[in-house]
Amino acid sequence: MTFSFFLKDHINRNVLIALLIVFALTPFVTKNAYFLHLIIVSLMWGVCAASWDLVFGYMGIFHFAQTAFFGVGAYASGLTCLYLAISPWWGILWSSITAGLLSLALSLPTLRLKETYMTLVSLGFVFALFYVISSWTGFTKGENGLWGIPSLYDEVSKVSYYYTILVFFVLSMAVLYAVTKSKYGLALIAIRSSEDSAKSLGVNVTGVKIFIFLISAVLTGVMGWFYAHYILLVTPEILKMDTMISVMAMTVIGGAGSLAGPVLGSFLITFLLEYFRIVGEYRFIIYAAALFFIMMLKPKGIYGGIQNLIGRLKER
Amino acid sequence: MYVLMALGFSLIWGISGMFNFAHGAMYMLGAYISFTLISWGLNASLSIFLMMIIMFLLGVLIERFCIRPFSSYRGTPSYVMNCVIVTLALAIAFETAILLIYGGEFKTVNPVSPGVVILGPFQISNQMVYSFLFGVLSIAAIGLFIKYTRVGLAMRALAQEPTAASMMGLNPDAIYSITFGISSALAGLAGALLAPVYSIYPSVGWVSFLYAFIVVILGGLGSMTGVIAAGFLVGVIKNVGTIWFSGQWMMAIIFGALILLLLLRPRGLFGTRVG
Chain A
4 MTFSFFLKDH
14 INRNVLIALL
24 IVFALTPFVT
34 KNAYFLHLII
44 VSLMWGVCAA
54 SWDLVFGYMG
64 IFHFAQTAFF
74 GVGAYASGLT
84 CLYLAISPWW
94 GILWSSITAG
104 LLSLALSLPT
114 LRLKETYMTL
124 VSLGFVFALF
134 YVISSWTGFT
144 KGENGLWGIP
154 SLYDEVSKVS
164 YYYTILVFFV
174 LSMAVLYAVT
184 KSKYGLALIA
194 IRSSEDSAKS
204 LGVNVTGVKI
214 FIFLISAVLT
224 GVMGWFYAHY
234 ILLVTPEILK
244 MDTMISVMAM
254 TVIGGAGSLA
264 GPVLGSFLIT
274 FLLEYFRIVG
284 EYRFIIYAAA
294 LFFIMMLKPK
304 GIYGGIQNLI
314 GRLKER
Chain B
1234 MYVLMALGFS
1244 LIWGISGMFN
1254 FAHGAMYMLG
1264 AYISFTLISW
1274 GLNASLSIFL
1284 MMIIMFLLGV
1294 LIERFCIRPF
1304 SSYRGTPSYV
1314 MNCVIVTLAL
1324 AIAFETAILL
1334 IYGGEFKTVN
1344 PVSPGVVILG
1354 PFQISNQMVY
1364 SFLFGVLSIA
1374 AIGLFIKYTR
1384 VGLAMRALAQ
1394 EPTAASMMGL
1404 NPDAIYSITF
1414 GISSALAGLA
1424 GALLAPVYSI
1434 YPSVGWVSFL
1444 YAFIVVILGG
1454 LGSMTGVIAA
1464 GFLVGVIKNV
1474 GTIWFSGQWM
1484 MAIIFGALIL
1494 LLLLRPRGLF
1504 GTRVG
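Chains A and B, in that order, are what the protein sequence lines are. Just add 3 to the spot in the first sequence (first one is 1) and you have our numbering. Just add 1233 to the spot in the second sequence (first one is 1) and you have our numbering.
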């Protein structure tokens, strides 16, 4: 998965610029708040899924803590704004710091061990966090959630939010791209191919893993910050398994081991869910079936499929 | 009961090196199947027995159609990942299916035999005694099975040295199937035995799955005595701890302790191998 991405790395710069222009101009074409909302949500979850994929697809570690970082980012900013009455923009700082610290608390003990420990411990971690937040009613307001978080903009239209998330999305993607292209990215490939040989060549395996995990957590924490000040309500619900399953489904269906795949998956799932509301109850069965078939048939997901198609067309 | 749950989980982890995220779903399914059988008027013990056979077959089927396609990756990290995703998908599917069939409300299962036993200062319901005896018996049976039968021997051989074991003429796929079946049956048994004590609902499996994994990490991977000891330890800690803390805080405390334990002694309290 990883390797083919780097070999076939023909992300067309023109396509990217064209996409960016389309996204930047969208609010001029349609002022439909609902449509903009869907794009905002897709971009937000796209960053979460892509940074989860940095750990999953590139590093080969499956963990459940992505929603924990997201939720902690949201709560950190929401709580400081409510109790200290500071500007919501400062919240970015608290969100990224708390998400980063949380990732260290999780990664320092577990990443020294086999990947599988991370999977299990992160699962327990999310549950523990969920219980703490939902039962500490004096501080976090428990199951009722945090109400009255200050918003970023005082306007009714979603255009400002749209541009904010677009900027953060581009920044996050740039960070993720830079990480995969840096020496850390190369170290990641080395670790994934063979951890032992990477170690013997002097790669600080644990250090690289902890660093990558930290980046992924901080980016997700910032998205949590955005969520808190966009939705204006944070409940412990966002820490539940359902959210994590959605992020996982986005990544795997879109195509793990790439940056574009999870974003594609995020758009696909968000829009499909909104336009096929009737499925409601059956949503998770559909997730399960889609995951199942993609795992069985095409582990690279939709993006991998598109890449294959382009490759074949070019051969002709 | 945590022991039962954890044993099955540890069995799969130890022998094929994969995680079965559907293990919690198996617990839940076991509880619901025996609930249904009992509500049809079957004898409780008989229905538990039937349920275990159904769960065993289900486990074998799952292994055959969902896990075996990945067998060429066995032993690599991507094998574990694929298994995690597929079993997670299964868990979601089972949970939603049960939600659609039975609805989301809590169901209580009638105890096998009502009434209480007075044991010194404690009052213990007959159901608890029944579950306890049944649990201990099956743990002993599994222990003997692994230790003294040919299949058990093969399982241990595969856990230690998969390549050598298959060279000696073992069919690893068959053994993995059996392991998966036994593990599912154990999870189902735990579910069925606990259903009358606690009530059941579609997502009940996750909590018990969580306890199973705490027990496995605490007890150390690949150590059956460790798992048993840790199972009792967690059970006692949890029930004694709830005197001072609410159940939800207890969860957080147990996890804090678990992370500390992993920092200081990653192989668990009784384990011999470092994971």
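Careful, some of the hints might be misleading.
As the list claims (entries may be wrong) - Listed next, the stretches of chain B that the computed footprint assigns to chain A, with coverage defined by at least 3 CB atoms under 8 Å from CB atoms of chain A:
(1) 1325-1334
(2) 1382-1389
(3) 1414-1421
(4) 1438-1451
To be verified - Some but not every residue of chain A turned toward chain B, in silico, with C-beta under 8 Å:
(5) 23
(6) 27
(7) 135
(8) 290
(9) 299
Just so you know, these hints were derived from the structure itself, not from any lab. Think of the CB as a built atom: it goes at the ideal place given N, C-alpha and C, for glycine as much as any other residue.
### Message
Checking hints one by one. Is residue 23/A an interface residue toward chain B, by the C-beta closer than 8 Å rule?
### Response
With a minimum Cβ separation of about 32 Å from chain B (threshold 8 Å), the hint on residue 23/A is violated.
### Query
Taking the least C-beta to C-beta distance, is residue 27/A closer than 8 Å to chain B?
35 Å, violated
### Query
Taking 8 Å as the C-beta cutoff, is the stated coverage of the segment 1325-1334 of chain B by chain A satisfied by three or more residues?
The restraint on the segment 1325-1334 of chain B holds, since 7 of its residues have a Cβ under 8 Å from chain A and three suffice.
### Query
How does the coverage statement for the segment 1438-1451 of chain B fare against chain A, requiring three or more residues with Cβ below 8 Å from a Cβ of that chain?
Result for this restraint: holds, n = 5.
### Message
Three residues or more, CB to CB closer than 8 Å: is that satisfied between the segment 1414-1421 of chain B and chain A?
### Response
violated (count 0)
### Message
So, as I understand it, the hint says residue 299/A touches chain B; can you test that by seeing if any CB pair is closer than 8 Å?
### Response
At 6 Å from the nearest chain B Cβ, residue 299/A passes the 8 Å test, so the hint holds.
#### Entry: Restraint outcome when residue 290/A is required to lie within 8 Å of chain B by C-beta distance
6 Å, holds
### Query
Okay, the segment 1382-1389 of chain B and chain A, do three or more residues pass the C-beta test at under 8 Å?
Since 0 is below three, the answer is violated.
### Message
Quick check on residue 135/A please, does its C-beta sit within 8 Å of some C-beta on chain B?
### Response
This hint holds: residue 135/A lies near chain B, its Cβ roughly 5 Å from the closest one there, short of 8 Å.
Checked against the numbered hints above, the structure breaks hints 2, 3, 5 and 6 and satisfies the rest.
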